[in-house]
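S.K.: Chains as they are written, first to last, in my numbering: chain H, 1 to 269; chain F, 1 to 239.
The set of hints was computed from the structure by calculation and includes no laboratory data. Heads up, some of the hints might be wrong.
Computed list of lysine-lysine pairs in DSS-like fashion (alpha-carbon distance at most 30 Å, straight line) [stated by the list, open to error]:
1. 15(F) / 46(F)
2. 147(H) / 236(F)
3. 102(F) / 53(H)
4. 93(F) / 46(F)
5. 5(H) / 6(F)
6. 9(H) / 102(F)
7. 239(H) / 174(F)
8. 54(F) / 53(H)
9. 111(F) / 147(H)
10. 111(F) / 5(H)
11. 123(F) / 110(F)
12. 46(F) / 110(F)
13. 118(F) / 54(F)
14. 15(H) / 15(F)
15. 239(H) / 93(F)
16. 147(H) / 93(F)
17. 63(F) / 174(F)
18. 53(H) / 174(F)
19. 147(H) / 123(F)
20. 236(F) / 54(F)
21. 5(H) / 15(H)
22. 54(F) / 147(H)
23. 102(F) / 63(F)
24. 15(F) / 239(H)
25. 110(F) / 54(F)
26. 110(F) / 93(F)
27. 53(H) / 15(F)
28. 111(F) / 174(F)
The calculated label-pair distances, taken between Cβ atoms and stated as ranges, are [said to hold, decoys possible]:
29. 123(F) / 268(H): 51 to 57 Å
30. 168(F) / 236(H): 32 to 38 Å
31. 188(F) / 32(H): 43 to 49 Å
32. 120(F) / 243(H): 34 to 40 Å
33. 26(H) / 64(F): 45 to 51 Å
34. 45(H) / 12(F): 32 to 38 Å
35. 52(F) / 18(H): 46 to 52 Å
36. 50(F) / 236(H): 20 to 26 Å
Cβ coordinates follow ideal geometry from the N, Cα and C atoms, glycine included.
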Amino acid sequence: MGNLKIYLKQSATYKIYRTCVRNLVDFMDTLGSIIIYGFATLRYILTFRVHRKELIEQCARFGISSLPITLSIVSMTSIIVASQVAPEMVKQGGGNFVGLLITMLIVREVGAIMSGFAIISMIGSSLASELATMRVTEQIDAIQVLKVDPIRYLFVPRILSGLIMMPLVVVVASVIGVLAGAVTTDLTTDLGYRAYFDSVWFGIYMKDLTVCILKAVCFGGTIALISCSCGYTASGGAKGVGLATTKAVVWSIVAMVIWDMLFAIAFFF
Amino acid sequence: MSIEVKNLVKIYDDKRVIDNVSFNVENGETLAIVGFSGSGKSTILKMICGLTEKDGGEIITSKGDIAMVFQYSALFDSLNVADNISFALRERKELRNKYSEKELREIVSKKLELVGLKGIEYKFPSELSGGMQKRVSFARAIVTEPNTILYDEPTAGLDPISSTLIEDYIVRLKEETNAASIVVTHQMSTITRTANKVIMLYGGRIVFNGTPEEMLRQDNPYTKQFVTASLDGPMKMIA
Numbered sequence: 001m002g003n004l005k006i007y008l009k010q011s012a013t014y015k016i017y018r019t020c021v022r023n024l025v026d027f028m029d030t031l032g033s034i035i036i037y038g039f040a041t042l043r044y045i046l047t048f049r050v051h052r053k054e055l056i057e058q059c060a061r062f063g064i065s066s067l068p069i070t071l072s073i074v075s076m077t078s079i080i081v082a083s084q085v086a087p088e089m090v091k092q093g094g095g096n097f098v099g100l101l102i103t104m105l106i107v108r109e110v111g112a113i114m115s116g117f118a119i120i121s122m123i124g125s126s127l128a129s130e131l132a133t134m135r136v137t138e139q140i141d142a143i144q145v146l147k148v149d150p151i152r153y154l155f156v157p158r159i160l161s162g163l164i165m166m167p168l169v170v171v172v173a174s175v176i177g178v179l180a181g182a183v184t185t186d187l188t189t190d191l192g193y194r195a196y197f198d199s200v201w202f203g204i205y206m207k208d209l210t211v212c213i214l215k216a217v218c219f220g221g222t223i224a225l226i227s228c229s230c231g232y233t234a235s236g237g238a239k240g241v242g243l244a245t246t247k248a249v250v251w252s253i254v255a256m257v258i259w260d261m262l263f264a265i266a267f268f269f
Numbered sequence: 001m002s003i004e005v006k007n008l009v010k011i012y013d014d015k016r017v018i019d020n021v022s023f024n025v026e027n028g029e030t031l032a033i034v035g036f037s038g039s040g041k042s043t044i045l046k047m048i049c050g051l052t053e054k055d056g057g058e059i060i061t062s063k064g065d066i067a068m069v070f071q072y073s074a075l076f077d078s079l080n081v082a083d084n085i086s087f088a089l090r091e092r093k094e095l096r097n098k099y100s101e102k103e104l105r106e107i108v109s110k111k112l113e114l115v116g117l118k119g120i121e122y123k124f125p126s127e128l129s130g131g132m133q134k135r136v137s138f139a140r141a142i143v144t145e146p147n148t149i150l151y152d153e154p155t156a157g158l159d160p161i162s163s164t165l166i167e168d169y170i171v172r173l174k175e176e177t178n179a180a181s182i183v184v185t186h187q188m189s190t191i192t193r194t195a196n197k198v199i200m201l202y203g204g205r206i207v208f209n210g211t212p213e214e215m216l217r218q219d220n221p222y223t224k225q226f227v228t229a230s231l232d233g234p235m236k237m238i239a
């Protein structure tokens, strides 16, 4: 019986089963901590218990430091799309709709999602690694021993800055994206700026703008929450910091795409 | 009575790493906890200050603050020395807005003076040596006037002269604050220079409870092995 047990434990099936169970437990653990810290943070935000100095610092970090990369990514995406679509549309007689198409694409999708990817890579990973390093070097333990609330001090300013700054970043990035589309259209076709901008106004609907802002708020809050939660629950040394950062990036990307899908179903289905 | 620990139990993966450990420390006393690496010494400190949940037993502390000096100082690297020391006074709910900026500056410089450091208020932890970081963490720990101070391997990784300096400050802080102190250490000099009482842990249990002098007398086979750093004895290292 004992030998059979040892044999079964060494079998590939058992190892696959054990890995699956471990991953499932890890998944539920991560999801659970994100939900718990999310509600705890929400309680502080709704009762205006916010660390103002930290909030300003985190807003500067979230908004200003991420702006160059966000603007570059959104404008480059716009250039890629416009350089392929504009000449073709002009050739087919749809030149009057180039601005409309680019604007609709950026406002509805590219502005928010590309900014989200930029924010995850730049801010999400840095939040996760910062908190994970604080965890493994016992700085979070020190905060707790000094009887300072880590949720108020660490989570609230970071998540609130995500909720506030992400819409601003997305709006600025979208405007730059539309402008980049105009320059590309002018360089690749003989359409001219006036025809481009005339059709831009037809591509902007109030509903699209509202959804874009709402989406940005959800993306910003979710990225900050997941990153903080993954960093805060890190364990081990340098390896733990790396794992927490990877987990934060992967979970943030998946969560952002899920949000995007939910918005598409809710507003455009 | 400042700290009383009764029948403390901690279980990790079905193994009792702390098994019915009891001791007490009065105000003005320093207890040294010694033992092999991984014998649960730091776990006891973490249970006393509430960082780790206990699985059994009782920890009774008298009213007041518990401060902890961490093994690697655990200074906040994004804050300068002054902000590190005044952190609890600025951020703790009941202390927030109690002190003006001027008062905070005065408290910080007084605490820094107590640990022999002056004029480093605006330096960041990365600009300080290991010994200086440790002393700043002492200053941060005592800023709320605690009546219990826990030291987790305070002299680990320091050169002998810095270790002596740190030991002197442990004694000085005890005299200044009359706090009950617990020092987790491997170093004999730290035990003899700072502690009034010593307990030794092995297999999760206390195998010696006495004074540093009694420990040095080597009547107990466990302390004899520890003091002589011998491989032969009742304690077996798990390779």
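S.K.: It remains to establish, for every hint, whether it holds in the given structure.
M.R.: Tested hints:
no., hint, in the structure
1, 15(F) / 46(F), "18 Å, holds"
2, 147(H) / 236(F), "39 Å, violated"
3, 102(F) / 53(H), "18 Å, holds"
4, 93(F) / 46(F), "22 Å, holds"
5, 5(H) / 6(F), "41 Å, violated"
6, 9(H) / 102(F), "66 Å, violated"
7, 239(H) / 174(F), "38 Å, violated"
8, 54(F) / 53(H), "36 Å, violated"
9, 111(F) / 147(H), "19 Å, holds"
10, 111(F) / 5(H), "61 Å, violated"
11, 123(F) / 110(F), "17 Å, holds"
12, 46(F) / 110(F), "28 Å, holds"
13, 118(F) / 54(F), "40 Å, violated"
14, 15(H) / 15(F), "24 Å, holds"
15, 239(H) / 93(F), "34 Å, violated"
16, 147(H) / 93(F), "8 Å, holds"
17, 63(F) / 174(F), "17 Å, holds"
18, 53(H) / 174(F), "35 Å, violated"
19, 147(H) / 123(F), "24 Å, holds"
20, 236(F) / 54(F), "26 Å, holds"
21, 5(H) / 15(H), "13 Å, holds"
22, 54(F) / 147(H), "19 Å, holds"
23, 102(F) / 63(F), "29 Å, holds"
24, 15(F) / 239(H), "26 Å, holds"
25, 110(F) / 54(F), "36 Å, violated"
26, 110(F) / 93(F), "23 Å, holds"
27, 53(H) / 15(F), "45 Å, violated"
28, 111(F) / 174(F), "14 Å, holds"
29, 123(F) / 268(H): 51 to 57 Å, "56 Å, holds"
30, 168(F) / 236(H): 32 to 38 Å, "35 Å, holds"
31, 188(F) / 32(H): 43 to 49 Å, "46 Å, holds"
32, 120(F) / 243(H): 34 to 40 Å, "35 Å, holds"
33, 26(H) / 64(F): 45 to 51 Å, "40 Å, violated"
34, 45(H) / 12(F): 32 to 38 Å, "36 Å, holds"
35, 52(F) / 18(H): 46 to 52 Å, "27 Å, violated"
36, 50(F) / 236(H): 20 to 26 Å, "22 Å, holds"
In this structure, the hints that do not hold are numbers 2, 5, 6, 7, 8, 10, 13, 15, 18, 25, 27, 33 and 35, in rising order.
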